[in-house]
Every structure is written in C-alpha cells, then in structure tokens.
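A.B. asks: Taken in order, these protein sequences are the chains called A and B.
The first sequence lines up with residues 1 to 390 when you count with UniProt numbering.
The second sequence lines up with residues 1 to 390 when you count with UniProt numbering.
All clues stand as given, with none of them false.
Simulated crosslink set (DMTMM-like; lysine to aspartate or glutamate; CA at most 25 Å straight-line): (1) B:K190 x B:D364; (2) B:K231 x B:E43; (3) B:K268 x A:E43; (4) B:K160 x B:E305; (5) B:K42 x A:D253; (6) B:K308 x B:D204; (7) A:K367 x A:D36; (8) A:K42 x B:D256; (9) B:K159 x B:D253; (10) A:K42 x B:D253; (11) B:K42 x A:E272; (12) B:K188 x B:E28; (13) A:K268 x A:D253; (14) A:K188 x A:E28; (15) A:K42 x B:E272; (16) B:K42 x A:D256; (17) B:K235 x B:D45; (18) B:K268 x A:D45; (19) B:K159 x B:D204; (20) A:K268 x B:D45; (21) A:K268 x B:E43; (22) B:K198 x B:E177; (23) A:K155 x A:E305; (24) B:K308 x B:D282; (25) B:K42 x B:E227.
Read the hints as simulated data drawn from the structure, not as lab findings.
Computed from a prediction, not measured in an experiment: that's the story for all the values here.
Protein chains: 2
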Amino acid sequence: MREVAIVGAKTTEFGELWERSLRDIVVEAGIGAIEDAGISGKEIDAMYVGNMSGGRFVEQEHLGALIADYSGLARGLHVPSTRVEAACASGGLALRQAIQAVASGYSNVAIAAGAEKMTDISSSGATDALSAAADREWEGIQGATFPGIYAMIAKLHMKKYGTTGEQLAAVAVKNHENGMHNPIAQFKSKITIDQVLKSIMVSDPLHILDCSPVSDGAAAVVVVPAEDALKYTDKPIYVKASAQASDTIALHDRRDITTLDATVVAGKRAYEMAGLTVKDIDFVEVHDCFTIAEICAIEDLGFAEKGKGGVVSLNGETKLGGRIPVNPSGGLKSCGHPVGATGVKQAVEAVTQLRGDAGKRQVDGAKYGMTHNVGGSGATAVVHIFSNER
Amino acid sequence: MREVAIVGAKTTEFGELWERSLRDIVVEAGIGAIEDAGISGKEIDAMYVGNMSGGRFVEQEHLGALIADYSGLARGLHVPSTRVEAACASGGLALRQAIQAVASGYSNVAIAAGAEKMTDISSSGATDALSAAADREWEGIQGATFPGIYAMIAKLHMKKYGTTGEQLAAVAVKNHENGMHNPIAQFKSKITIDQVLKSIMVSDPLHILDCSPVSDGAAAVVVVPAEDALKYTDKPIYVKASAQASDTIALHDRRDITTLDATVVAGKRAYEMAGLTVKDIDFVEVHDCFTIAEICAIEDLGFAEKGKGGVVSLNGETKLGGRIPVNPSGGLKSCGHPVGATGVKQAVEAVTQLRGDAGKRQVDGAKYGMTHNVGGSGATAVVHIFSNER
Chain A
1 MREVAIVGAK TTEFGELWER SLRDIVVEAG IGAIEDAGIS GKEIDAMYVG NMSGGRFVEQ
61 EHLGALIADY SGLARGLHVP STRVEAACAS GGLALRQAIQ AVASGYSNVA IAAGAEKMTD
121 ISSSGATDAL SAAADREWEG IQGATFPGIY AMIAKLHMKK YGTTGEQLAA VAVKNHENGM
181 HNPIAQFKSK ITIDQVLKSI MVSDPLHILD CSPVSDGAAA VVVVPAEDAL KYTDKPIYVK
241 ASAQASDTIA LHDRRDITTL DATVVAGKRA YEMAGLTVKD IDFVEVHDCF TIAEICAIED
301 LGFAEKGKGG VVSLNGETKL GGRIPVNPSG GLKSCGHPVG ATGVKQAVEA VTQLRGDAGK
361 RQVDGAKYGM THNVGGSGAT AVVHIFSNER
Chain B
1 MREVAIVGAK TTEFGELWER SLRDIVVEAG IGAIEDAGIS GKEIDAMYVG NMSGGRFVEQ
61 EHLGALIADY SGLARGLHVP STRVEAACAS GGLALRQAIQ AVASGYSNVA IAAGAEKMTD
121 ISSSGATDAL SAAADREWEG IQGATFPGIY AMIAKLHMKK YGTTGEQLAA VAVKNHENGM
181 HNPIAQFKSK ITIDQVLKSI MVSDPLHILD CSPVSDGAAA VVVVPAEDAL KYTDKPIYVK
241 ASAQASDTIA LHDRRDITTL DATVVAGKRA YEMAGLTVKD IDFVEVHDCF TIAEICAIED
301 LGFAEKGKGG VVSLNGETKL GGRIPVNPSG GLKSCGHPVG ATGVKQAVEA VTQLRGDAGK
361 RQVDGAKYGM THNVGGSGAT AVVHIFSNER
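With the sequences and hints as input, model every part of the structure.
C.D. replies: Okay, structure coming up:
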C-alpha cells in the first residue's frame, strides 16, 4: 500500500450562499485546492465528490461528472470523477476513496471534494431531505427528524451519566469561540451558556444553539503519493490512517444509543493503522452536528471517560490551550454544516493546523491531528489521522 | 498494485418487483454472491453499493450503511460500506471502487453491489428522477428527458451515417433473442423488426421497443486479491482492466454528439491497462439504454467502424455466434435497467460467460469479456475487461 499525503487544501466560506450554485462552490473549492498545491488541472487523474443529496436539495444527481465538467477536467482530459455518499459522512468518504485510489496506484494525483447546497429549498424541505439519512422505513416514516433522534441520545446520556444542559451548552460556546477566528465560519459570534439555555427549544433538551445550522459550502484537498509530496510543497501533510465503520442505521437497533459504536470501531482501526494512541493526538475535529454529538464523540474516541464528556467540556479541557483541543475550526456548530462538505472541511482544518497556518486558532506545536465524520445518527463513521511528519 | 479477481456473483431477477423493497433486493443479491463465493459474511471487510437515486425513488439516502445493516454486517462486524453514484453508471463505479479497495490493500474481501427500486413511484416521477442524471440547469430544466436526448443522438447518427430505423430495431430484436435464455430478464419475449417499428413512438425516431424499461433489481460480486482467488473457487474471473472517463454532462457541449468520448477514452484506457486490443475481446456487454446507445457503443469501443454500427447490427455480426456477440445477457433492453444495478449485472454476466455457465446464451470458448456502463448521455463511462486466465 502506497503512503499518501495531502498537498493542497481549500474551503469556500460556509453560510447561506444564495448567489452561488452547487457547481459554483465546488469549482471554487477545487480550484483553490489546486492552486494551493501549485499544480495544473492536467495533472489530476481522479476526482471524488462527497455529496449527500444533490437529488433532493437541487434536483441534480451525477455530480462527479458535472463537477469534472465545470472544472474543465471533462472535455479533453476526461478525468474519472465519482460521487460518494454516506449522508453527512459523504465528505470523509470521498477523501477516503481518493486516498485508496492513490494508495492502489490507480491514481497519482487525486482530488477529493465535498459540497452541499442546502438553502435553495425551504427549511422543512431540508429537514425532510436530511431525514433520508435515517432509516426511512423505521424512523423517517414515523416523523423522526435528526434533532429528535439526537435529543433521545441526549436524554439518555443525561439520565445515565448526569450530563447537564450547561455541559451541552459549553460545547456550543467553545465552538463559537473558536469559530470567531475562522474566516470561513458561518457564525463568528460569541455566545454564552445562558444564551444557549434561553434559546428556543428545538427538541428537548436541544435548544437551537445546540444545533448546527443548514448551510451551503464546499471544500477540497489534493492527494498524492507520499514519496512525491515534496515535489509539490515543503509542508506536505501525511495521511497516517483512514478508517471507516458501519453500525445499524436505526437507533433502536443499537446496543446502547449513548455510544456510537461506529465511532468507537473506526477510532480503534485508525489508532491501530497509525500505530498511535489517543495520547498522541494533539487536536481533533469531531462531528458536532449537535452538542451531544461532540460529547459522545470525545468519549467514543477515548478523549474522555465514558459519561464524562460533558464534564470535560464544561471545565475547559477541550478548549484551545486545553488538554485536548476539540474542533479548533469552530466545528459544525460555528462553521456551519453543508453536509457533504463537512468531512473534507475537517481535513482542510487539519492541514491548516498541521502546517501551522491557523492564526489565532492555532494549536501550538501540533504534530498529529484527527478528524471524525459521522453519517446519520452514527450508522457511518470515518476517522482520519494526519501528521506533518512522515 | 495488487491484481484482483471475482469469486462470487449473483443478480436478483429484474422486473417490477412490487413485493420486495430496495433493501430486500440488495440483500438477496449480496447473500447470493457470498454463497456463490462460499465465504462467510465475517470475511467481508468492505462493501460498495451503486445506486443512482434512492433519495428520489424511495426517499432513502445513506444506502451503504443501510445495506450493511440489513445484511447483518453492521452490528458486531461494523463493515465499512459506501454508496457510489454516477447515474446509470453507479454500479460499474461501485465495482471499480471495490477493485481499488482490494488493489490498494485496504480490503481483502470486498463486495460490490448495485441496486435500484424504480417502480415504487409513478412513471412520470421516474422519468423526472432519471432526468437528474443530465445537466439540471441546461437540460432538465428545459424539459429534456433521456428518451429525448438519445433521440437527438439517433437523428444525427441517421443524418450523418445513413443509419435506419430497421438497424436500430435490429438491436432490440437481437437483445430480446438473447434475453429469452436469461432467467433474470424482465422481458423474455421474442420481438420482430416490424413490431419495433410499429410500437408507439416515444421520441422520434425511438419507439418504445427501442427503449430499455423502468425496472427493479440488484446484483452483487465478491472481489478478492488474485493471489487468493483459488482458495475460494476453481473458476476465478480475473479483472484485467478497470477504466473510467468523464465528458461534458450536457450534450450541447460535446464536439460530436454521435460519439461518446467518455466511452472512447475509457475503452482506450482499458485496452491499454489489459495489454489487449479490440480483436482479443470475445464478447461485450454494452450500455444499450436505447438501441442507438448500443450502436454508438460498439463504434466507440472499436467493434464497428464509425457510422457502421447500425449495419453490423442488422447483418447479424453482433448476434450470439456472430463476429462479436454484443449483450449476450439480453442487455438493458431485455433484462431491464434498474439503473444502479446495471453495471454490476453486466459483470455478473461476464463472470457467468467466462465460467462457461451461460447455458443457451453461452459464447463458446470465451476468454476475454468486456463490460461498458454509461452514466447519463455519456458524461461517465466505465469499462472493465475480465478473463478466466490470469
């Protein structure tokens, strides 16, 4: 298996990008990543596009070819381009496929992009489109939406472990603090625990400020064999692990709904592949689609004891400068969550941090960074570990 | 790059499977392929699911995890599972990703499945869902449907090369003849050129019997490293080439709409990868979503001179026993075209032929078989070459 490195990375701004279409934003991110890598489009020999639901959000499937076309890589160059989908983990899996394409030797310069345009339909339409990430026959059809599903996880976490609303709110407050220093973030505003607790209730115990927003955005990275990386950049970021796991799609079939087994298993596979332990990781971008999701994630990845994720969030251990900075980018909560883009945007943040280019949100001296991207309520999890040392 | 082989293959029957859901048919095909390979589900370490539009046909995205779950591979085993989409080429690309996963060393036993459930919505709904494979902003929004798009290709082919309605019809007649011997085919009826020409006009010059139908169905294959293949079966089928190419998604941007450049380029890449020429190929399964598509395909892959695809179809060169048997399975026309399943079903046919198990539709002594799967009107093409010799 060939080792793999990232040599270019870019995101668009995240937010309500009403003047730009899906194809516009993917091309913007892709060209940004190509320019960042200092390569020509002619060198690209494979493309992967992570997108959850172009079909339902903008009535467009076949996004791989569409994006190759609008990037100028179809006519003449005929670059193979493939869409990958696993709900909100689509971006992470697009990256994983690009890594495998390069690792296999099928590709020498692959681009992994993630994108979603969610604000072109009504918010109830978006909620319905998103609910297709759950089990339609057992969850969606009963009216279960994702805030409702994660609220059930939160309720049980509170009951089993004494997790509090303040602890949940602390996650949102910390992510907004980080996001204030991220130019691409949808929300760059400081919030307080009191504001979170007084914001409108979406699904008890989750207030609106516990929820990531509906967003537009795109991100892209350029992946090459590690042995070639220094030809492109003097700061290549090496992929130390790319791991994925599945779990039951419906919540009611899990052995314990407060633990995302797909995260636990993908995390274990990633640590093993990298030959590292949780203590080696300097920062982690986790999938905080809701505040409870970050709490579960840091427990399931080993950054907090099971049941203590809320405690360590409230006491500051996950802040910048804390024991383990979690979501230095601002996470899904502050940056926004264009679902297919998120997994790639997490990788862009890891690259930015490991290059030492993260400015006021920099994790000082970071050597190993992890990203964690979840599909649905945890039926898919994908974990990557990156390093600035080969 | 590790060489790769197929050791298990299965399709469901294709047709209007109203009593079975999408998840039912994928699991049926997957279990069939696993049983055919004589392996246990526990050995599987990666899964790819080709599906065009679960979101629009059955309101279900996140199909990778869903299928892992309903196959018993999620809980406990947590097998990574990824959906791949490129419109009607989704199945071919799912196979290609499984091949890359094994070639890279990320996987040792991968399953590639393809599936679509198209008959649970109205036929106008299905036509609209399918039109999302074209460029929504330049084609779909103008009312262009796929019969209309392929009719334009047919009209120009007739004008430039003198192709006739009889020649188009001969493709359908031959594919129905072959499909009569295929137990999974949706239509096992013999038809005549006269019947095709007298059947109702869908989009001039394409009659309804020039068109593949709306179908339900699923197919799956098990992919392993070539060096391990004889552990599983005494008739492994080796993957000699897996090649993909993109083109402009909208027809009006092509240099010549009667040539699918993505097919030409994917074909060239495949011949080069396999170290073979068109003369080495013993049979080919091409993407005959419409009769004109088969005529373009055999020209673009080199089995007929440009402009002569209609002539060789009418004079019998593409029949079983002819110079180059095309679509011995019955093709999309007779077998049906559950869009995400088709690319994998073509591989199942290649495996069946190369094992010598195709019964009355057997291509005698076949050593090399090719499959050709197209997305949309040719923005994506994927070509595989298989052999029963390593």
